Amino acid sequence: MMATVLIVDDSKLARIVVGKVIAALQPDWKRVEAGNADEAMTVIDTQPVDLAIIDYNMPGRDGLELAEEMRRRFPAMPIAIATANIQDEIVARARAANAAFIAKPVTEDAARGFISGAALRLRSSGP
Numbered sequence: 000m001m002a003t004v005l006i007v008d009d010s011k012l013a014r015i016v017v018g019k020v021i022a023a024l025q026p027d028w029k030r031v032e033a034g035n036a037d038e039a040m041t042v043i044d045t046q047p048v049d050l051a052i053i054d055y056n057m058p059g060r061d062g063l064e065l066a067e068e069m070r071r072r073f074p075a076m077p078i079a080i081a082t083a084n085i086q087d088e089i090v091a092r093a094r095a096a097n098a099a100f101i102a103k104p105v106t107e108d109a110a111r112g113f114i115s116g117a118a119l120r121l122r123s124s125g126p
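Every letter in the sequence shown is one number past the one before it in numbering that gives the first Met the number 0, and letter 45, counting from 1, is 44.
Derived by calculation from the structure, the hints in this document are not laboratory data. Treat the hints with care, since some could be wrong.
Unchecked claim - Below, in silico cross-link-like pairs of lysine to aspartate or glutamate (DMTMM-like), each with a Cα-Cα straight-line distance of 25 Å or less:
{"no.": "1", "residue 1": "19", "residue 2": "61"}
{"no.": "2", "residue 1": "29", "residue 2": "108"}
{"no.": "3", "residue 1": "11", "residue 2": "37"}
{"no.": "4", "residue 1": "11", "residue 2": "68"}
{"no.": "5", "residue 1": "11", "residue 2": "32"}
{"no.": "6", "residue 1": "19", "residue 2": "9"}
{"no.": "7", "residue 1": "19", "residue 2": "37"}
{"no.": "8", "residue 1": "19", "residue 2": "32"}
{"no.": "9", "residue 1": "29", "residue 2": "67"}
{"no.": "10", "residue 1": "29", "residue 2": "107"}
{"no.": "11", "residue 1": "11", "residue 2": "107"}
{"no.": "12", "residue 1": "19", "residue 2": "87"}
{"no.": "13", "residue 1": "19", "residue 2": "108"}
{"no.": "14", "residue 1": "11", "residue 2": "108"}
{"no.": "15", "residue 1": "11", "residue 2": "64"}
{"no.": "16", "residue 1": "11", "residue 2": "38"}
{"no.": "17", "residue 1": "29", "residue 2": "9"}
{"no.": "18", "residue 1": "29", "residue 2": "44"}
{"no.": "19", "residue 1": "29", "residue 2": "68"}
{"no.": "20", "residue 1": "11", "residue 2": "27"}
{"no.": "21", "residue 1": "11", "residue 2": "44"}
{"no.": "22", "residue 1": "19", "residue 2": "107"}
{"no.": "23", "residue 1": "19", "residue 2": "38"}
All figures in this text were calculated on a predicted structure; none of them were measured in a lab.
Start from the sequences, fold in the hints, and give me the full structure.
Right, here's the structure in full:
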């Protein structure tokens with residue numbers, strides 16, 4: 000199954016790390032990147048995206064604001080917030096946006112549950 004995952008993080012190194020994790024878990028998935036929320040929305044406007052892993056701490060709009068905006072446009076899209084900052088308010092906002100959490104630094108073990116759940120959802124909603 001081919002899927003396109005959007006990796007949004009203001010750190011190029013963090014995007015590389017997440018990309019390697021995805022490549023290890025789902026080698027057939029295409030990876031596209033954005034450095035902030037505005038770039039992410041441009042990517043979404045120009046090509047299909049099936050799921051997203053979004054950094055929480057970014058300049059401009061934070062990852063939760065982006066997740067909330069994406070959720071309004073794509074109610075069923077699997078979305079995860081990647082952060083080391085797990086405060087009650089952030090958890091509550093992520094749950095309200097129906098977004099998962101992936102602990103940073105992102106590892107295969109940390110991402111496995113979200114990636115396998117997203118793969119199942121995408122397969123079940125496929126053509």
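Verification of the supplied hints:
no.	hint	in the structure
1	19 <-> 61	holds, 23 Å
2	29 <-> 108	holds, 20 Å
3	11 <-> 37	holds, 16 Å
4	11 <-> 68	holds, 23 Å
5	11 <-> 32	holds, 9 Å
6	19 <-> 9	holds, 17 Å
7	19 <-> 37	holds, 24 Å
8	19 <-> 32	holds, 13 Å
9	29 <-> 67	holds, 23 Å
10	29 <-> 107	holds, 17 Å
11	11 <-> 107	holds, 18 Å
12	19 <-> 87	violated, 29 Å
13	19 <-> 108	holds, 13 Å
14	11 <-> 108	holds, 21 Å
15	11 <-> 64	holds, 20 Å
16	11 <-> 38	holds, 13 Å
17	29 <-> 9	holds, 20 Å
18	29 <-> 44	holds, 17 Å
19	29 <-> 68	holds, 22 Å
20	11 <-> 27	holds, 22 Å
21	11 <-> 44	holds, 22 Å
22	19 <-> 107	holds, 9 Å
23	19 <-> 38	holds, 21 Å
In the structure shown, a violation is registered for the earlier hint numbered 12 alone.
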